[in-house]
Amino acid sequence: GENVEQHPSTLSVQEGDSAVIKCTYSDSASNYFPWYKQELGKRPQLIIDIRSNVGEKKDQRIAVTLNKTAKHFSLHITETQPEDSAVYFCAASISGNTPLVFGKGTRLSVIA
Amino acid sequence: NAGVTQTPKFQVLKTGQSMTLQCAQDMNHNSMYWYRQDPGMGLRLIYYSASEGTTDKGEVPNGYNVSRLNKREFSLRLESAAPSQTSVYFCASSEAGANTAEKLFFGSGTQLSVL
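Residue numbers (my numbering), protein chains in the order written: chain D, 1 to 112; chain X, 1 to 115.
For reference, chain D alone in the conformation it holds in the complex (with noise of 0.2 Å):
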């Protein structure tokens, strides 16, 4: 089945720096590859996604990079901001085919 790889685990970055998390997949079939985001004690959100018939997809300050043949992918953030802090997690799935499959998570901390 599907492994998802996400490093790195805790990642600290100064307000209005970059921050970047990335993944690995093990499935070469895997196709959809979103992002959710949780913020202290609530619910994961999505974020952003992106399908394996796309390299990058922005949506302001947050994008994705995907690079099938290595079978990794990355988050992006720009410009972050003390809300940006949250726990992120990756994942991948053959879409309307297997559920999705997370990676362990990173947890961003952004310093004011």
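One should not assume that every hint holds.
Said to hold, decoys possible - Here are the computed lysine-lysine pairs in the DSS-like style, where the Cα-Cα straight-line distance is at most 27 Å:
id	chain 1	residue 1	chain 2	residue 2
1	X	Lys103	D	Lys104
2	D	Lys71	X	Lys9
3	D	Lys42	D	Lys68
4	D	Lys58	D	Lys42
5	D	Lys37	X	Lys103
6	X	Lys9	D	Lys42
7	X	Lys9	D	Lys37
8	D	Lys22	X	Lys103
9	X	Lys103	D	Lys71
10	D	Lys104	D	Lys57
11	X	Lys14	D	Lys42
Stated by the list, open to error - If you want the ones that stay clear, here's a sample from chain D, every Cβ over 10 Å from chain X, calculated:
id	residue
12	Glu15
13	Lys22
14	Arg43
15	Ser74
Honestly, the hints are just simulated from the structure, not real lab data.
Computed from a prediction, not measured in an experiment: that's the story for all the values here.
All residues carry an ideal CB built from backbone N, CA and C; glycine is no exception.
We have chain D already, so just place chain X on it with the hints.
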């Protein structure tokens, strides 16, 4: 439109006791899921139901049973609770299907402690 509602929010059990976690969604989604979240372990799938009338094991099904009661409701049962089942449990739903977005909508979680 409440989204995904799960109960209870908190529960303390003694080893060997049983309980059922309830989950309901009002978005007419076909698929429903139960995940557990442990520190440093991410979200691990316990069971899922791709459609009404079907259930399948996920990554960590041992010690759990599920029932897809109807399209709206998906319950998780612990028959004989163990300390290793201390965790935060999340129910989720999605419109998963071929060539459709798989956005998961999560419930607010159940914090379960087994003593």
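| Of the hints given before, which are not true for this structure? | Result: hints 2, 3, 14 break, sorted rising.
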